[in-house]
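So the chains spell out like this:
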Amino acid sequence: MTKVAFSGEEQSLAFIRQWYEDIQAALNGYQRDILNALFQGKSVNEPFLFMTKENVLDYFAKQKTELEHLVSLNMMASVEAAIRIDYLKRVYARKKESVSRRFRELHKEKGVRASLEDDILKIWKQELPSCKTAIDNFQNASKLRHWLAHGRYWTPKLGRNYNLNTIFEIAEHLLNELQISQ
Amino acid sequence: MELETFFRHKKARYENQRVTINREEQQKIWLTGLNQLYAEINDWLSVPIQEQIVIVSYEETTLVEDFVNPYLVKNLCINVGTESVILKPMGMNVLCAAGRVDMVGEEGIIMLVLLKPETGEYQWHIVIRTTHNQYFPLVKESFTDALAQVMRKDD
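Line order of the protein sequences matches chains Z and P. Under numbering that gives the first Met the number 0, the first residue of the first sequence is numbered 0, with each subsequent residue one higher. Under numbering that gives the first Met the number 0, the first residue of the second sequence is numbered 0, with each subsequent residue one higher.
Source of the hints: derived by calculation from the structure; they are not laboratory data. Worth double-checking, as some hints may not be accurate.
Stated by the list, open to error - Some chain Z residues judged to face chain P by a derived CB distance under 8 Å, without partners named:
1. Ala36
2. Ser42
3. Val43
4. Glu45
5. Leu48
6. Phe49
7. Lys52
8. Leu56
9. Tyr58
10. Phe59
11. Ala60
12. Gln62
13. Leu177
14. Gln181
Cβ atoms here follow ideal geometry from the backbone N, Cα and C, with glycine treated the same way.
Chain Z with its partners taken away, still in its complex shape (with noise of 0.2 Å):
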């Protein structure tokens, strides 16, 4: 069996949620340095020439929901980044409960190749029904991160809406469920 040479390089939710908020808080120590220029007729870089302080304060909400949303991408990757290592190690390890007898059979069939959703997910799901709520508000969530992860060239129906704080919870959830650390 060839197996995966992990790197290490995984990203946990603890970290990507402080990535989030030091990137916010210089988001708005520069939106501060901005309206600071305006109200003291500075000058500034060229994309703020002539905005007034709505066109400011526009600009950067759209730069925060951008951030909201690449931070959301990373969040739901490094969940997969951690339901898949969990997979590989359990695959690796030959232990014997249930849910690893299953996930050898799939990696028999399917090696690094199984589906999250289809496949890792679904035997979780069958095997610890008490995760089913989690699992499902994850595969929920997973439409946003398939829009973000495709373009978002099509308009998502996603059924409810998501924000970083949701999304975070729904990842955190579903980790501490399936009782897998990072």
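Following the hints, complete the assembly by docking chain P onto the known chain Z.
Just chain P now, with coordinates in the frame of chain Z:
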């Protein structure tokens, strides 16, 4: 921090910002510039107005801006056939300009900004937004080009 202290601090900050610039003088420059812009446009349009091809009308609107009380200005509407172009004063609190008027047509918006060159008087400029902002003095020819850009393209 107590609520009262928090807001007193905010108010003090606002006052500091307000007095960094002579706001009355700033408003005077802006409103004078706006009047000159409208006078100039009326001058450029005098022939089509006389020939009753174009009708110019005004509508009053209130601008609410930081550091000054709300004040009245006029939108200038250029009406021709079934179309109109509206010049909307956006205000004097604009980054790197003494004021901005947006020229709004059916097919676009172009910004006009009041700039002071290093030497000389304040002058209106037309802003062309490409990868870099470019701005040119507003004269009859560039005004005509701007109208053609924001108005309906005829077949």
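A quick look at each hint next to the structure:
1. Ala36: With Cβ-Cβ at 6 Å, under 8 Å, it holds.
2. Ser42: holds (6 Å)
3. Val43: Holds, about 5 Å.
4. Glu45: Holds - the Cβ of Glu45 of chain Z comes within 8 Å of chain P, reaching about 6 Å at its closest.
5. Leu48: Holds, because the Cβ-Cβ distance from Leu48 of chain Z to chain P comes to roughly 5 Å (cut-off 8 Å).
6. Phe49: For Phe49 of chain Z, the interface hint holds, since the closest Cβ of chain P sits about 5 Å away, which is under 8 Å.
7. Lys52: holds (6 Å)
8. Leu56: This interface hint is violated because 12 Å lies over the 8 Å limit.
9. Tyr58: violated (11 Å)
10. Phe59: Cβ of Phe59 of chain Z sits 13 Å from chain P, so the hint is violated.
11. Ala60: Nearest chain P Cβ about 17 Å off; hint violated.
12. Gln62: Where the cut-off is 8 Å and the nearest Cβ of chain P is about 16 Å from Gln62 of chain Z, the hint is violated.
13. Leu177: violated (43 Å)
14. Gln181: Given a least distance of 37 Å, the restraint on Gln181 of chain Z is violated.
Checked against the numbered hints above, the structure violates hints 8, 9, 10, 11, 12, 13, 14; every other hint is satisfied.
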